[in-house]
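J.: Fit chain B to the known structure of chain A by using the hints.
Residues per chain, in single letters:
2 protein chains.
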Amino acid sequence: MENFTFQNSTKIIFGRGTEEQVGRETSRFSKKILLHYGTGSIKKTGLYDRVVKSLRKSKVDFIELPDVRSNPRLSLVREGIRICRENNIDFILAVGGGSVIDSAKAIAMGVLYDGDVWDFFTRKAKEEKALPIGVVLTIPAAGSETSTAAVITNEENNLKLYNEGIEELRPKFSILNPELTFSLSSYQTACGATDIIAHVMERYFTQTKDVDITDRLCEATLKTMVKFVPIALAEPKDYVARAEIMWAGTIAHNDLLGTGRGEDWSSHNIEHGLSALNDMAHGAGLAILFPAWMKYVYKANVNRFAQFAVRVWNVEPSFGPQEAAALEGIKKLGTFFRDIGMPGSLKDAEINRSQFDEIADIATFYGPIGNISKLNKKDVIEILNLAV
Amino acid sequence: MENFTFQNSTKIIFGRGTEEQVGRETSRFSKKILLHYGTGSIKKTGLYDRVVKSLRKSKVDFIELPDVRSNPRLSLVREGIRICRENNIDFILAVGGGSVIDSAKAIAMGVLYDGDVWDFFTRKAKEEKALPIGVVLTIPAAGSETSTAAVITNEENNLKLYNEGIEELRPKFSILNPELTFSLSSYQTACGATDIIAHVMERYFTQTKDVDITDRLCEATLKTMVKFVPIALAEPKDYVARAEIMWAGTIAHNDLLGTGRGEDWSSHNIEHGLSALNDMAHGAGLAILFPAWMKYVYKANVNRFAQFAVRVWNVEPSFGPQEAAALEGIKKLGTFFRDIGMPGSLKDAEINRSQFDEIADIATFYGPIGNISKLNKKDVIEILNLAV
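Chains as they are written, first to last, in our numbering: chain A, 1 to 388; chain B, 1001 to 1388.
Note that these hints are calculated values from the structure, not bench results.
Bear in mind the structure is a predicted one, so any value in this text is a computation, not a measurement.
Some clues are possibly wrong.
What the hints assert, rightly or not - If we take Cβ atoms under 8 Å as the criterion, some of the chain B residues that face chain A in the derived model are:
#, residue
1, 1001
2, 1002
3, 1006
4, 1013
5, 1014
6, 1015
7, 1016
8, 1208
9, 1210
10, 1217
11, 1226
12, 1259
13, 1260
14, 1303
15, 1314
16, 1318
Note that the Cβ used here is the ideal one computed from N, Cα and C, for glycine as well.
Excised from the complex, chain A in its bound form (with noise of 0.2 Å):
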């Protein structure tokens, strides 16, 4: 087990009608701030109405900047930083999914940085400091309601990237009602619950030695996605399977599953090109991405993909080599994914192999990727290729 150091403050408000605290809860911080939201699906649901009642009966006063969309742009990043500079906003609520929250993360850390707040992303910069947000989750995805990183995509050039990440980016609160996810499609569903599973995967499959106690936190939550994920989309309206895969979806992503422990996060890596080119949804792309990685790496540490066809799968342990229940293991994800509804190729997805050099580009943005095993350009490209 590696040292560590971990915390995680925001504030969880979960459950039903928990909504209608936010604007309680928000002017502990504000009485001005930004409200950002999506295309409009709030709007259709009466969540927005919802918010903006509870906003004024706490006497909050804010401004609008909807049409956040996925994998979010670094252009809106930038208005949303003009509006709270010209208006002095200091708080911003995020009402949506993870890219609404990145969005607002980024806003977030660039009003107070007298550089362009895209020097966070490319790493010339390490922000110290960020206004404080909110949030109210519609899409258990991301797990960005109490992380500290955003992922926004800058239409210039085509990247897609990540900050450092600082506490202070951490929301103050994330108001967590199973029943905003009652609208989501099965298609929005999988590739949420795609994510989840994918965020812990990417803490799990580590060569640091020794850290059983969240090797088993890892495998409770996913058996609870495995459980529960078939069952929501049959029954949209399952509040309990609804609840377990939100609950599911900030557990996954709060830091704590990664205690102790190297991380691995190549999968995202890759998807981060393959989305930031496609404008394809994340999950889908890591349903296509996670198995073909695994067939790549496994050998690197057969050991630990076994103990995950084991524990995770319920695969008959082998009581010699390992390899066969390994393999398993990463079928069985495989027909998982492909059972709720995600591609199983890109083939599936309609990505041809002219991308590949360009997305293996985005993916080693910041060098070498990996920790089962280290992987450079051209390891990228054969996952790729494993992929087709």
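T.: Structure of chain B alone, referenced to chain A:
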């Protein structure tokens, strides 16, 4: 699953040599502190010297208040409050186990309160603020290093009570170096382990339905303890085993494992009566009482006890009635406690029936206890009879 709020902002600094960071972390809050510790073991091990050196390096002045004993006493808390007030101290550093931390918390809430600090424990008053505290943990057991609660014994009337808890009472930081636990005796190790296991079980045994993810996180933590406690007892300097236990001890009691569910603190409440009257180790009392409580209540939710048996103790699942599996799990828990050196009965601990009435009064001081089954004074006496 029930609605819940979850927040735990304690910064955990975990691993080898981390006590050397105590000066730097403390100096972020104060330059004049109360250094609170026990009866001298930290001087024998050299920890005291390292802490003092680190404080001096960061130019933090300190006044010392040693002599906290297990089942920390109200009189010493009052002395600490007086010292803090007379010297304008605004931060308390607890170096020790749960007793030292609890004593520090009680001082922290008492300094800022006009009345008698005992009011918070009799629930005559509700704490609203507290001085910040920091922790260097030496015994994984109480989980007080990230919790809001303190348990204090009033020597004048033998009452052992706990406060309600507010976020401000969570330590600002807790330094956890597993090496500091190498010197714990087998008995201390086992008592601490029993307390940790009990903290998980008090949350696990609930009547709240549909909290699968927290069930599985609880089971993950329990399985870690079951695996590593015997290793630490056989080889006290096994870093991995000590680290797994220490991190499990925090996770067991940082509130995560209780999210979304009613909790049952019956065994803890009864044990407080037992140890208030006998000054016995809390863990030893729990090892005696928990299996007795289980035998008394398991019929109120036999399926949950069977799940515990199968998932934690690898009991063969039953495909018919669940009672035999449930009872087998209780038996295995009792055997485990005895195997790690805990007393198996009140007789082993030389406690006789003459105390039962008074123990039951303390246990039900705030009213009936429990979630799996509501217990009044008469029930508590029945459980004590089962523990003889």
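J.: Would you mind marking each hint as holding or not holding in the structure?
T.: Now the hints, each set against the structure:
1. The interface hint given for residue 1001 of chain B is met, as the beta carbon of that residue sits about 5 Å from the closest beta carbon of chain A, less than 8 Å.
2. For residue 1002 of chain B, the suggested interface contact is upheld, since its CB lies about 7 Å from the closest CB of chain A, less than 8 Å.
3. The beta carbon of residue 1006 of chain B comes within 4 Å of a beta carbon in chain A, closer than 8 Å, and the hint placing it at the interface holds.
4. For the restraint placing residue 1013 of chain B at the interface with chain A, the shortest Cβ-Cβ distance is roughly 5 Å, inside the 8 Å limit, so the hint holds.
5. Among the interface hints, the one on residue 1014 of chain B holds; its C-beta lies about 5 Å from the nearest C-beta in chain A, closer than the 8 Å criterion.
6. This hint holds: residue 1015 of chain B has a C-beta 3 Å from the nearest C-beta of chain A, less than the 8 Å allowed.
7. Here the hint on residue 1016 of chain B is kept, as its CB sits about 6 Å from the closest CB of chain A, short of 8 Å.
8. With a least beta-carbon distance of about 11 Å to chain A, the hint placing residue 1208 of chain B at the interface is violated under the 8 Å criterion.
9. Of the supplied interface hints, the one on residue 1210 of chain B holds, with its beta-carbon coming within about 4 Å of a beta-carbon of chain A, less than 8 Å.
10. Among the interface hints, the one on residue 1217 of chain B holds; its C-beta lies about 5 Å from the nearest C-beta in chain A, closer than the 8 Å criterion.
11. Annotation: residue 1226 of chain B was flagged as interfacial toward chain A, and the flag is violated, the nearest CB pair being 11 Å apart, outside 8 Å.
12. The beta carbon of residue 1259 of chain B comes within 7 Å of a beta carbon in chain A, closer than 8 Å, and the hint placing it at the interface holds.
13. Evaluation of the residue 1260 of chain B hint against chain A yields a held restraint, the C-beta minimum of about 7 Å falling below 8 Å.
14. With 8 Å as the threshold, the beta carbon of residue 1303 of chain B stays out of range of chain A, its nearest partner Cβ sitting at about 16 Å, so the hint is violated.
15. Among the interface hints, the one on residue 1314 of chain B is violated; its C-beta lies about 13 Å from the nearest C-beta in chain A, farther than the 8 Å criterion.
16. Annotation: interface hint on residue 1318 of chain B violated; nearest CB of chain A at approximately 19 Å, more than 8 Å.
Checked against the numbered hints listed earlier, the structure breaks hints 8, 11, 14, 15, 16; every other hint is satisfied.
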